Amino acid sequence: MTEKNFNDFTDEELIVEFQNNNTVVAFEILVKRYKNPLMNYVFRFLGDYELCNDVVQETMIKVYRYKDSYRSIAKFSTWIYTIAGNLAKTELQRQKRRKMFSINAYGKDNDENYEIPDNRYRPDTETDSGIKNEIIQKAILKISLAYRQAVILRDIQELSYEEISEIMNITVGTVKSRINRGRSQLQKLLKHIYKELEIK
Amino acid sequence: MRNFNDDFKYNGVKRVLQNLKKIEAPLNFEQKLFERINQGEFEKELSFIDKLFLPSRIIPSAGLAVTIVLIFFLTNIFVPSIDENPLLANPRVRIDVISKNINTDPAKVENKTKQKTNNDVFESTEKAQLNLKNKSNKKTNSTNDPNLGIRITGMSTQSNTYYNGSIPASVSQNGTINKRGLDYKQIYLQRLQRAQIEQMRKRIEALLRNSNR
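Chains as they are written, first to last, in this note's numbering: chain A, 1419 to 1618; chain B, 86 to 298.
The following block holds chain A by itself, in its conformation from the complex (with noise of 0.2 Å):
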């Protein structure tokens, strides 16, 4: 069997294919289909681009490792974004001990100089076309983080509400719930370009 025949392949055949003859060409293709889409997902999530490489690739990894824990009554889809999602959120809680830390640390050595960084030149702010592009995102990561994964799941990714109720493990009425509740606070940090925004 060729790549060319696997790129017809659904998602589900392909991950079954791995499981049951280890074919590294339908993983293959598996990666190709999703990692945009997850770096796009998990880039929204964090807000930093190299950490959001570690964690997709991370997602890749682990999708490799255990390919045999995925069961077909789900979507490949699901299943593969709600392993993004929980890396992103551990990531999350990593990235928040850290600044802990750093901010204790900090002081302590008064004699160092501390370089602060300006996310303005790394390579992610750059990615995104131009400063408003960048209020959008940092508003993006001030909503609470259970109605941010919501919005991204559905107005960035737009996944269906039954797809984002199973990555979230929670009623559809609830992902609904939780979009408009994210979408209003979105609103509300975003109203002065708001207008700008729209007219454009």
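The hints are simulated quantities; they were obtained by calculation from the structure and are not laboratory data. Bear in mind that the values here come from a model prediction, so they are computed numbers and not experimental data. Honestly, I wouldn't trust all of these hints.
Said to hold, decoys possible - Simulated pairs of lysine-lysine, BS3-like, Cα-Cα distance not exceeding 27 Å:
| id | chain 1 | residue 1 | chain 2 | residue 2 |
| --- | --- | --- | --- | --- |
| 1 | A | K1560 | A | K1550 |
| 2 | B | K106 | B | K117 |
| 3 | A | K1560 | A | K1507 |
| 4 | A | K1560 | B | K106 |
| 5 | A | K1493 | A | K1450 |
| 6 | B | K117 | A | K1480 |
| 7 | A | K1556 | B | K107 |
| 8 | B | K99 | A | K1560 |
| 9 | B | K106 | A | K1609 |
| 10 | B | K107 | A | K1480 |
| 11 | B | K117 | A | K1485 |
| 12 | B | K107 | A | K1507 |
| 13 | B | K107 | A | K1493 |
| 14 | A | K1507 | A | K1550 |
Claimed, not checked - Here are a few chain B residues that face chain A, going by a calculated C-beta distance under 7 Å:
| id | residue |
| --- | --- |
| 15 | Y95 |
| 16 | L102 |
| 17 | K107 |
| 18 | A110 |
| 19 | F114 |
| 20 | E115 |
| 21 | L118 |
| 22 | I122 |
We put the CB at the ideal spot given by N, CA and C, even for glycine.
Since chain A is already given, all that's left is putting chain B on it; use the hints.
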């Protein structure tokens, strides 16, 4: 009822989010990924025993163990040992002076003690008399009372020894009992025994008074 599907209210926000530039993976994403997979750089699953010996678990438990040991030693250092203090230690039991007949029943003990005391006193008196006859021809103004079985040695010029069971007692010339060279055992007397001894003491005093007259 609020219609969640009606996204019209937030159409602006939706549009803004959908128009955000899509983030793409770096060009070397797959290359790096397969390098990591081939090198086996991913996290290894720790076994239960490995998890037990993680620094995050072993450090608190070791600290707790050290604290317990320290508390144990500190509390034991300041408590005086009873065994080391000779004043608080129990007296050493001497087998050669332990009475052979031990009866735990108080009533029997009292009866036996009563009989035994009388018998012992008579025996000891007879022995003492014989000794006196054999050893000394000197006249003494001591008083002998065979019924009582007690030899009063207040006026005697020589020291006499009375045998009461296994307890030899040394009596001086003036009638006082000293503990020099005395092989004795401290015994706890019953109330009846004490009363008997008190009674005997009074009778001896009475006899002494009569003899002085």
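Q. Which earlier hints can't be squared with this structure?
A. none
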